[in-house]
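Heads up: the sequence lines are chains A and B, in that order. Going by our numbering, the first sequence wraps up at 332, each residue one higher than the last. Going by our numbering, the second sequence wraps up at 448, each residue one higher than the last.
Accuracy of the hints is not assured; some may be wrong.
What the hints assert, rightly or not - The calculated lysine-lysine pairs, modelled on DSS-like cross-linking and capped at a C-alpha distance of 30 Å, are:
| id | chain 1 | residue 1 | chain 2 | residue 2 |
| --- | --- | --- | --- | --- |
| 1 | A | K239 | A | K57 |
| 2 | A | K56 | A | K19 |
| 3 | A | K280 | A | K176 |
| 4 | B | K15 | B | K42 |
| 5 | B | K419 | A | K19 |
| 6 | A | K138 | A | K19 |
| 7 | B | K351 | B | K328 |
| 8 | A | K176 | A | K34 |
| 9 | A | K239 | A | K176 |
| 10 | B | K328 | A | K19 |
| 11 | A | K138 | B | K328 |
| 12 | A | K138 | B | K419 |
Source of the hints: derived by calculation from the structure; they are not laboratory data.
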Amino acid sequence: MLNPQLNKHGELQHLLSIEGLPKSILNHILDTASSFVGISDRDVKKVPLMRGKSVFNLFFENSTRTRTTFEIAAKRLSADVINLNIQASSASKGESLLDTIDNLSAMHADMFVVRHAQSGAPYLIAKHLQDTGQSHVHVVNAGDGRHAHPTQGLLDMYTIRHYKKDFTNLTVAIVGDILHSRVARSDIHALTTLGVPEVRAIGPHTLLPGGLEQMGVRTFTNMDEGLKGVDVIIMLRLQNERMSGALLPSAQEYFKSYGLTPERLALAKPDAIVMHPGPMNRGVEIDSAVADGPQAVILPQVTFGIAVRMAVMSIVAGTQA
Amino acid sequence: MKLHIKNGHLIDPANGIDAQQDLFIDAGKVLAVGAAPAGFSAEQTIDASGLVVAPGLVDLSVRLREPGYEYKATLESELQAAMQGGVTSLVCPPDTDPVLDESGLVEMLKYRAKTRNQANVHPLGALTVGLKGEALTEMAELTEAGCIGFSQAEEPIEDTTVLLRALQYAKTFDYTVWLRPQDAHIGRGGIAASGAFASRLGLSGVPAMAETIALHTIFELMRATGARVHLCRLSSAAGIELVRQAKREGLPVSCDVGAHHVHLTDADIGFFDSNARLTPPLRSQRDRDAIRLGLLDGTIDALCSDHTPVDDDEKLLPFGEASPGATGLELLLSLSLKWANDYAATQAAGGPRPLARALALITSQAAQVAGLSAGTLSVGANADVCIFDPQAHWTVEAAALASQGKHTPFLGYNLAAQVQTTIVAGRVAFQRNAA
C-alpha cells in the first residue's frame, strides 16, 4: 500500500501521521526547524518562503493554542492565512466534510491545516484531493481524533533533541491517558523511528490501550517504577470528562497515583526534562512545583512549536529544499 | 414451460451430485436429473457446456432497504442485483424504517417482491416492537404474513429478562430466533476490532468479549428454554469455539458468517478505508483463520453476503462517521468459491470436492438454517437454478454492479466465477449477455 503522505519521489506531500515516515524525513524537518528558530528573535520575524500561498486553518474541533501556533507559523512564512472554525459554520448547516473541502479548494487554497474529532479525517481529505485532481493542495494534520498529532510529536522531538542531543541512549516515559491521546501515539512513532531504545507508557489499565507492546512500548501501571532512571517525562493532559466515571474515580485519586510531584520527579535521572503538550491541569496530572520548576521545558516546547510548524509547512509546500 | 439444461456440470450438494448431468424442468419444478423423462420435448434448451449448474443461491442476510431507505437502494435495484448474483432466495433483516414489526408491513414487502417475480424474499420479523428490546411483537401474526423467523438485527437486547421471554415465547410456537451475538454495552460505539491495529489508528474498539459474553448469555437461555437460535455474523475465534462446544453439547443452534470476514482482516482498513467499515468489525488474522476452519469442520453452517447498500453520502465520511456495511449480493458466489480454492489445498481425502463444499454453504445448508424448501435440485423442488462459469474472471467496480450500493472493500479485486443464467421457478430471470 502506498503511503499517502509521500509523492512518487518519496517527498513529503502531506503530513498526516509520523507513522510510516522514514527517519531521514523526520531529521530533515527537525534540521529545517532549527534554521527557523532564530527568525522569531529578529525584528522582522518573516521569511518569504510561502509568499502568495493561501493556508486554510480548518478546525472542526476547538483549539485556540494549536490554531494560533499554525497561524503564526504560516504568517512568519509570509503566507495568507484564513481561519475557519467549522463547528460554528457549514458543518452545523449540514454540509459534508468533502463539500466543504471542494468549496474551499475552489477559492484556491494551497494548504489545509486540519483538526477533526474523527481519527483519519485528514486521510479522507488527502485522498479526495487526489481523486479530484487537486494533488497540488497539501494537507497538514493538526490533530485527528485519537489517531495522530504529528506536529506536536515533531515539536516534542525537537525539544528532546535540543536538550538531550542524541536519541539513541534515552529512556522516555509518557504518562497518563494514553488511550485517548493522539499526542502519545505520535510521540511513540517518532521516538521509535528516531532510535530511542526505551519508550515507556505509564497509566492505570483503564487508560492504556491494547497493543502498545506491538508499537514498541513498555507499559507500567506503577508510576514510581515507570519513572526510575528516565531522561524525559512527557505528561499528558487528562480531559475533564475522563476524571470521573468508569475510567477513573476522581481527579484527586488520579493525582495520588499518577500526578507528577517533586518526590516522584526525583526518581528520574537528575537531569531529566519534563514536557507537557498543554493545556496543563495543575494538581491533576502535574504539581505546580514541577510545572514551574527548573526541569520543566513546557514553555520552550511552545516556542519550538512555531519553528517546527514553519518547517513542516514549508517542506510540505515544496518551498523548502 | 419445458426447459432442458444440457451438458452442464451439475452440483447439487443436498443430493451429493457433482458430475456432468442434464437437468429437466417443467411447470416451475425440477422434473428430472440425468436422463430425459419419456416423452419430454423441450421448449427451450440451454447449453451449459463448461458451466456449473447449481441450485439458486440462498443468502441469509440481504438488506433491501425497503421500506424507508429507498435513497440507499430499492427493491428494483437489489432484486436485480440478486439475479445477477444468482441469488434466488434471500432473507432480509427487519431493520427497515419502520422496522418490520407489524404484519401489514411484511405483507406489503412480500407483495412488492412478488410482483417483481425475481428472488423469493423471506423477511425476518422484529423480535421486539421497534427493535427496542422491550415488548414482544405479534410473532404468530407476523409468521402468517410471511416471516420465517425473528431477529433483533443490530440492536442487542439490553434487558436479559426480555430476551428470556422472547425465547420462551418463540419456543412455544417453534419459531427460530436469529441473533447476532453482541453485548449491549461492551463495544458500544466501537468502530474496529479491539487490538493493536485499532489502537494504532486511534479507532475505538469492539473487543471479542462483546461477542463471547453475548454467546454465553444466549446459550444459558437456550438451555433454560429449549428455543432454537440461529447466530448471525460470527466474527471471533473465541466465539466460534463457543459455538463448536454448544453444538457438541447438542443445543439447537446454527450459525453463519459474512463473506467479507472469510477473506479480510482489520489490516484491510489500511489508511481508514470506510469501505472496510463493517458490522461486526473485521478482526485479526487469527479470527479469520478460525472462521475458515469453522467453515471446514461444520461449526459454521452458512455463508451470507450481509448485503448492505450504503450511498456515497453516508460512506464518503471519516471512518468513524461512515455507515457500516458493504454491497455483497453480486459477490457472494465469487467470495464463496474463493474460499473453496483455498480449501482445496487442505481437502480431506474422500470428502466433498471444494466447489460442492462451498456451494453447500450458500445453497442447501443456508436453506436448512432458514427452514426453506430451497437450495436443492431434487426432483419436485422449485426450479431455482444458478448457472455460472467458474473460470470467468471479473473486476469488482461500480459499473459491474446492479446494486445501488457500490461500496465494498473488494473494489478493484479480480474475482473468479460469474453468473451466466439465473432461473426462478423454471423461468429465465437473468441472462448475462455474451461478452
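Tested hints:
1. A:K239 - A:K57: Violated: A:K239 and A:K57 sit about 43 Å apart, past 30 Å.
2. A:K56 - A:K19: violated (34 Å)
3. A:K280 - A:K176: holds (16 Å)
4. B:K15 - B:K42: holds (10 Å)
5. B:K419 - A:K19: Status holds; Cα separation ~29 Å.
6. A:K138 - A:K19: At roughly 15 Å apart (the allowed maximum being 30 Å), A:K19 and A:K138 satisfy the hint.
7. B:K351 - B:K328: holds (26 Å)
8. A:K176 - A:K34: holds (16 Å)
9. A:K239 - A:K176: This hinted pair holds, its Cα atoms lying about 21 Å apart.
10. B:K328 - A:K19: holds (28 Å)
11. A:K138 - B:K328: Given pair A:K138, B:K328 holds - Cα atoms ~14 Å apart, limit 30 Å.
12. A:K138 - B:K419: holds (18 Å)
Going through the hint list in order, the structure does not satisfy hints 1 and 2.
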